[in-house]
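Undergrad: Residues per chain, in single letters:
2 protein chains.
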Amino acid sequence: MAEVNAALSNPRADIAALDALERTLFSLRYAIDEIGSLGPVIDPPKATDERGEALAELERARVEALCDPAVGDVLERLAAIPELLSETQRAQIRVLARDRDALVRIPAEEQAAFSRLTCEAEDVWRRAKSVGDWEAFAPYLDRIVEARLRMAAAKDPGRDPYDVWLDEYEPGCDAAFYDRFFSQVKDCVVPLLADCMASRSKPGRACVEGRFDEGRQWELARDLVALEGVDEKALWLGRTEHPFTGGPSTGFVLIASHAYEDDVLSNVFSMLHEGGHALYEQGVDPAYRFTSLRGGTSMGMHEAQSRFFENLVGRSEAFAPVLLETLARRFPGQFGRVTPRQLYLAENCAEPGLVRTEADELTYPLHILVRYEIERLLFSGEAAAADVPRLWAEKYRAYLGVEVPDHTRGALQDTHWAGGDFGYFPTYALGSAYGAQLRHAMVADGVDFDGACEAGELAAIRAWLGEKIWRWGRSKDSAKLIQDACGEPFSPAYYTDYLTEKFSAIYRLGA
Amino acid sequence: MAEVNAALSNPRADIAALDALERTLFSLRYAIDEIGSLGPVIDPPKATDERGEALAELERARVEALCDPAVGDVLERLAAIPELLSETQRAQIRVLARDRDALVRIPAEEQAAFSRLTCEAEDVWRRAKSVGDWEAFAPYLDRIVEARLRMAAAKDPGRDPYDVWLDEYEPGCDAAFYDRFFSQVKDCVVPLLADCMASRSKPGRACVEGRFDEGRQWELARDLVALEGVDEKALWLGRTEHPFTGGPSTGFVLIASHAYEDDVLSNVFSMLHEGGHALYEQGVDPAYRFTSLRGGTSMGMHEAQSRFFENLVGRSEAFAPVLLETLARRFPGQFGRVTPRQLYLAENCAEPGLVRTEADELTYPLHILVRYEIERLLFSGEAAAADVPRLWAEKYRAYLGVEVPDHTRGALQDTHWAGGDFGYFPTYALGSAYGAQLRHAMVADGVDFDGACEAGELAAIRAWLGEKIWRWGRSKDSAKLIQDACGEPFSPAYYTDYLTEKFSAIYRLGA
Numbered sequence: 001m002a003e004v005n006a007a008l009s010n011p012r013a014d015i016a017a018l019d020a021l022e023r024t025l026f027s028l029r030y031a032i033d034e035i036g037s038l039g040p041v042i043d044p045p046k047a048t049d050e051r052g053e054a055l056a057e058l059e060r061a062r063v064e065a066l067c068d069p070a071v072g073d074v075l076e077r078l079a080a081i082p083e084l085l086s087e088t089q090r091a092q093i094r095v096l097a098r099d100r101d102a103l104v105r106i107p108a109e110e111q112a113a114f115s116r117l118t119c120e121a122e123d124v125w126r127r128a129k130s131v132g133d134w135e136a137f138a139p140y141l142d143r144i145v146e147a148r149l150r151m152a153a154a155k156d157p158g159r160d161p162y163d164v165w166l167d168e169y170e171p172g173c174d175a176a177f178y179d180r181f182f183s184q185v186k187d188c189v190v191p192l193l194a195d196c197m198a199s200r201s202k203p204g205r206a207c208v209e210g211r212f213d214e215g216r217q218w219e220l221a222r223d224l225v226a227l228e229g230v231d232e233k234a235l236w237l238g239r240t241e242h243p244f245t246g247g248p249s250t251g252f253v254l255i256a257s258h259a260y261e262d263d264v265l266s267n268v269f270s271m272l273h274e275g276g277h278a279l280y281e282q283g284v285d286p287a288y289r290f291t292s293l294r295g296g297t298s299m300g301m302h303e304a305q306s307r308f309f310e311n312l313v314g315r316s317e318a319f320a321p322v323l324l325e326t327l328a329r330r331f332p333g334q335f336g337r338v339t340p341r342q343l344y345l346a347e348n349c350a351e352p353g354l355v356r357t358e359a360d361e362l363t364y365p366l367h368i369l370v371r372y373e374i375e376r377l378l379f380s381g382e383a384a385a386a387d388v389p390r391l392w393a394e395k396y397r398a399y400l401g402v403e404v405p406d407h408t409r410g411a412l413q414d415t416h417w418a419g420g421d422f423g424y425f426p427t428y429a430l431g432s433a434y435g436a437q438l439r440h441a442m443v444a445d446g447v448d449f450d451g452a453c454e455a456g457e458l459a460a461i462r463a464w465l466g467e468k469i470w471r472w473g474r475s476k477d478s479a480k481l482i483q484d485a486c487g488e489p490f491s492p493a494y495y496t497d498y499l500t501e502k503f504s505a506i507y508r509l510g511a
Numbered sequence: 001m002a003e004v005n006a007a008l009s010n011p012r013a014d015i016a017a018l019d020a021l022e023r024t025l026f027s028l029r030y031a032i033d034e035i036g037s038l039g040p041v042i043d044p045p046k047a048t049d050e051r052g053e054a055l056a057e058l059e060r061a062r063v064e065a066l067c068d069p070a071v072g073d074v075l076e077r078l079a080a081i082p083e084l085l086s087e088t089q090r091a092q093i094r095v096l097a098r099d100r101d102a103l104v105r106i107p108a109e110e111q112a113a114f115s116r117l118t119c120e121a122e123d124v125w126r127r128a129k130s131v132g133d134w135e136a137f138a139p140y141l142d143r144i145v146e147a148r149l150r151m152a153a154a155k156d157p158g159r160d161p162y163d164v165w166l167d168e169y170e171p172g173c174d175a176a177f178y179d180r181f182f183s184q185v186k187d188c189v190v191p192l193l194a195d196c197m198a199s200r201s202k203p204g205r206a207c208v209e210g211r212f213d214e215g216r217q218w219e220l221a222r223d224l225v226a227l228e229g230v231d232e233k234a235l236w237l238g239r240t241e242h243p244f245t246g247g248p249s250t251g252f253v254l255i256a257s258h259a260y261e262d263d264v265l266s267n268v269f270s271m272l273h274e275g276g277h278a279l280y281e282q283g284v285d286p287a288y289r290f291t292s293l294r295g296g297t298s299m300g301m302h303e304a305q306s307r308f309f310e311n312l313v314g315r316s317e318a319f320a321p322v323l324l325e326t327l328a329r330r331f332p333g334q335f336g337r338v339t340p341r342q343l344y345l346a347e348n349c350a351e352p353g354l355v356r357t358e359a360d361e362l363t364y365p366l367h368i369l370v371r372y373e374i375e376r377l378l379f380s381g382e383a384a385a386a387d388v389p390r391l392w393a394e395k396y397r398a399y400l401g402v403e404v405p406d407h408t409r410g411a412l413q414d415t416h417w418a419g420g421d422f423g424y425f426p427t428y429a430l431g432s433a434y435g436a437q438l439r440h441a442m443v444a445d446g447v448d449f450d451g452a453c454e455a456g457e458l459a460a461i462r463a464w465l466g467e468k469i470w471r472w473g474r475s476k477d478s479a480k481l482i483q484d485a486c487g488e489p490f491s492p493a494y495y496t497d498y499l500t501e502k503f504s505a506i507y508r509l510g511a
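As you go down the protein sequences, you meet chains A and B in turn. For the first sequence, our numbering begins at 1 and goes up steadily by one. For the second sequence, our numbering begins at 1 and goes up steadily by one.
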């Protein structure tokens, strides 16, 4: 940081220091993203220890670079002279100051202790999940919540601790916001699902059942991302158990996914989902590529893009003929006699289940609702780890109508809490709601959404999302993106209306 | 580097600063190795620009960490109190001081520009090679040589620039040393090859010809590294045009290689070669893994290990039955009726050819000789990129008796110059000579070399090399390793004697 120290109150030197900081952060993030996301997918088993050390050191260097007191001074001085800065520079300073604030008030020892705790907890969780042993994991959950409460107090002593973390994953959102949002979702989805379950007109999945060669599923995976419009010249595709998308750079997005021989749709919708993340990463303005503005703006907005392509496009009736044709090209024997309508119904069976990652579009937000409500109770002190299994069972019974038979398919199913990620789950549901509102605005803007899906030519959809959302990277927060794209603030009604309309038709409710 | 600044003349603080520096360097090297070696193999095409920027920045950070004046002070103070340090710490300080000296005089901007230039040049070279377009690559070669001349002048203004780079790849060696070495090699190999070509008793390759399924060749590749004793739990195996071995860490060695359907031996000897590099990387004392002592001590010593397993083991008559059995397991139809003697002769046909990486053991050093002589001319200013194809053709005609039909199989065949690696090629020939001397010493020490090869159980060979060479990592230079392992200084006579004896017998010279 010699460049930073050299800058006194000379705007030109401060701007040079900003650029130097951005290059340093870019290279460290690039290394952390590539090693951290590719590593677990491709590295040999003995690579783990040294990879962990390398990642911890690179992360330490990133925090050190950002928390350098001289950086705080540079950012403050530059923030005071907005008239001398470009719009991009003003956004960089805002985002960098926020990233810095998120780190600078937490004592290094606290952060280090938290890393060690979650590293150990993830290990304990993995074993506990495999045998369904909640008691083994519970003490860790309590300790992690305590640590998160302390860290939130350090970051922002005047604020509700859960709000601190909700804001970190989705800037601008707090529990009051999510309470309203989830209340609307609950009021719509719980009775809607009950009606669907009571309907005598239920779609079936028989037409998509069978065994599907894994090698051909990987060819299909490539067809699907190509159909979505992901730039394959900037894509690496690999295999893993839990699908994810990573992005060391705008020109290098990686998707890791799975293929199960007995479930071709799992691969199909995982790929469409991850492809949506990839489109967002690839669509950020290349001018941002070496700055902190690169990448998606928040977890919720990222999830909005992935669920947009998974559900609003992928599971739409308009897209069904194109998807069927794509499936039939790789599996002519199995899809040659399926109709688009049959495929559409098979993709949209609403089935109350136990496992979030296997949930359909209608039940999905209820899985999130359960987690959100439990996180609220843990952070308000109204519940402790020991209460979680009971709460989990009660809420799954109340909202989804299912009985939880074991902790493996219950409160131990997700890795997020073991990693300390409280406040992350709600963004999953929020993303779906963002997406529904974006689709509405897109159509109001004249995009022929159904026509694009029917033609299997999504360029008009990509162009609209690219212009309104993707290109902005982190330079605008979600609330501003929604406002600018839709001409109004976020409203969950588009989402609940969409679900009501779609599932009432499929299940012939009120017919 | 707060830890470094904090250290005044307190040995304990200096040692802590040394440890902190080593952790920082470890993490940056890890990132540079992984991104730099895996990247070109697996990244999508559009990743190149940003990868280049990230690598340049990480390299800049590495240089900055090492060149920090406070680091120079710490190393000097510690070097003055050897009695308070462990043997490992003394070696760290020696190696770090040398690494620092190699960089401290090159301006950071020059180094960063060089990284960007070679990143771009490697891309241009790849395309140029595929279409044989020397003119596309030539301007890059000139620019890279100019950059290397400038950098050498900055590093050591009083020294011949080519010597500067020869010393960097093989500490202690200069052009005068290599001139003597290559003169002995040339005096032996050029007439020996001519005699072989004139012999009426020529081994044939018919028994290894045919088409070999690529998928099975990759299974064979795994068999071969397992047979060598490479730890597969610390190995990543991938595909590339130009085989290489990389090693982000002791627990993560990567080999990229190729398989040609019409040439099974190409894959076999590439794998045995790269496996030798992998054994060296994996064999370094684990106590060094987070220090600058990790990895092989020099290019020449690394090549000694790879050529040891490729040639001294892999192409020996003693190993032929085991290799044949391994081949026949994957290709029973094609190798079921071949005899070990036939295989031995087929793998040892001395065939003057165009491509270095496809060369046999006898002609190989002549390919290196051509490159060494051309590098000498480029660095003395007696030749420029435009002259290289003519020089290449003349020297291949003179030493190998072959006509060069195109640049793809001519001066564009290797990636080294595109990466700026001048002074690297000579180490390939030197490594073969080290290997021959090591084998002699090993046998004199009582290792049953032929017996180990015949049994296909190379543990005794690995144990000797592991103890004498591998475990020491960078803590000893090549000259010291050879002296300690062999009880005498390096001598090329073991190599020329070995070649003379082996090929005289195969070609029945003087019989």
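Everything labelled a hint here was simulated from the structure, so no lab data went into it. Since the model is a prediction, treat every value here as computed from it, not as a measurement. It is possible that part of the hints are untrue.
Okay, derived cross-link-like pairs now, BS3-like style, lysine-lysine, Cα gap no bigger than 30 angstroms in a straight line [stated by the list, open to error]:
no., chain 1, residue 1, chain 2, residue 2
1, B, K395, A, K46
2, B, K502, A, K46
3, A, K476, A, K202
4, B, K468, B, K502
5, B, K502, A, K233
6, B, K468, A, K476
7, A, K480, A, K155
8, B, K233, A, K468
Undergrad: What hint numbers does the structure not satisfy?
TA: 1, 2, 3, 5, 6 and 8
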